[in-house]
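Asks: Make the full structure from the sequences, and use the hints.
Residue-level listing of the chains:
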Amino acid sequence: MASPIEQFQVKPIIPIINFTNSSLFMLGAAAVIVGGLLYATRKKALVPGRAQSVAEILHDFVANTLTDTTGREGMKFFPFVFSLFMFVLTANLLGMVPGFFTVTSQIVVTFALAFLVIGTVIVYGFVAHGLHFLHLFTPSGVPGWLLPFITVIEIISFLSRPISLSLRLFANMLAGHIALKVFGGFVVSLGTAGIGIALLSPLPLLMAVGLTALEFLVAALQAYVFTVLTCIYLNDALHPGH
Amino acid sequence: MAQAQTTQAGTEAHGGAHAADATFPPFATETFAGQIIWLAITFVLLYTLLSKLVLPRLSGIIENRRALIAKDLDEAAAMKARAEEAGSAYEKALAEAKGRAQALAQETRAKLAAESDAKRKALEADLNKRLAESEATIATKKTQAMSHVRGIAAETATAIVERITGKAPAPQSVEAALDQTQA
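If you read the sequences in order, they're chains A and B. With the working numbering, the residue at position 15 of the first sequence is 15, and numbering never jumps. If you want the working numbering, it's the 1-based position in the second sequence plus 1000.
Note that these hints are calculated values from the structure, not bench results. Bear in mind the structure is a predicted one, so any value in this text is a computation, not a measurement. One thing to keep in mind: the hints can contain errors.
To be verified - Just the calculated beta-carbon pair ranges, DEER-fashion:
#	chain 1	residue 1	chain 2	residue 2	range
1	B	1079	A	241	43 to 51 Å
2	B	1086	A	64	36 to 44 Å
3	B	1024	A	72	43 to 51 Å
4	B	1067	A	228	24 to 32 Å
Unchecked claim - When the alpha-carbon atoms are kept at most 25 Å apart in a straight line, the in silico SDA-like pairs for lysine to any residue are as follows:
#	chain 1	residue 1	chain 2	residue 2
5	B	1142	B	1181
6	A	11	B	1043
7	B	1071	B	1060
8	A	43	B	1057
9	B	1052	A	50
10	B	1052	A	45
11	B	1052	B	1062
12	A	76	B	1052
13	A	76	B	1051
14	B	1071	A	52
15	A	76	B	1063
16	B	1052	A	78
17	A	11	B	1029
18	A	76	A	232
19	B	1052	A	112
20	A	76	A	241
21	A	43	B	1071
22	B	1052	A	51
23	A	76	A	64
24	A	43	B	1068
25	A	11	B	1040
26	B	1052	A	228
27	A	44	B	1055
28	B	1111	B	1122
Glycine included, C-beta positions come from ideal geometry on N, C-alpha and C.
Replies: In structure tokens, the structure reads:
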């Protein structure tokens, strides 16, 4: 029996260029996204078929999430947010295939993505608003004596964003996959433990089936949460005065 | 996060659970650099392909449809307005035509009635005239005939008397007898 955390092991495939199973599944996710969307939109049909409907729903879903939070001007970040959402969603869902590597269960990956989001917010914020961007840390309507404390709190909250953003996704994917593996392991352990105990083995199997459904929900939900938070942070870059 | 780099490289050769025991794989720092590089490559690739190729296509499809639907709706609204206009024009024309037809019918009826009235009057007058003429003729004929009756009676009486008596009576006595019968 493999350990429940063996599935997170990064194994080299082409060591010379540091190409690992992680790299493979990142590229795989990108290929699935680009290939799937190109395939879905190949007809450019006025009345969409099934695949094209899915592509359009994904497009409208991300576009609506973005414009609901940031307004029309947020659409300049649409390719970025759409890429993020699709990458996280596809990586999460690919991870649900038995034996596949889950890219988003690597904290370095989720942290890099979160850092990319915060980096975009900071760079765009300063480029678009200059020092006015720092008003983000000094909310209006706060009494003068309270302002230093509030500013410190705002800065800490801002700095903790990439950490919470990355940890949330990482922990969800990690915990889910470990739980699945553990319950899967129980089935085998109970099944091979003897005649009487083997009768109990369907119980963890049922649990594993339920968990699988839950994990699909979590995979989609965490991609959505990541996207919504990205939109909220981008809104700060677009409108730092609030 | 920054855990000490254990003897991962060494244990990795043995693989499996033992390596995992040494360091929790997601915290194995020696994999970070490679993963970040490949993530960067992948994400740049993904972003470029999506923003340059896939999303313009997808947005194009959606925008096209939106524009087409808006255009079709506009056209439908314009057509509806035109149809309504035509409908009201038709109603107006129909009402006008109805009015004209009624006036025409009224006029014709009045004309025809007047004409037939005049004709009837002329006919009646003609008939009355002819009736009067005929009555006058009858009256003259009757008086003529009546004036002959006496002569005929006198002649007949004379002839009868001559036959019976063998000799003609005096015209004065015949006249007297006639006067007597007439009285």
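Asks: Against the structure shown, which of the earlier numbered hints fail to hold, in ascending order?
Replies: Of the numbered hints given earlier, the structure breaks none, since each of them holds.
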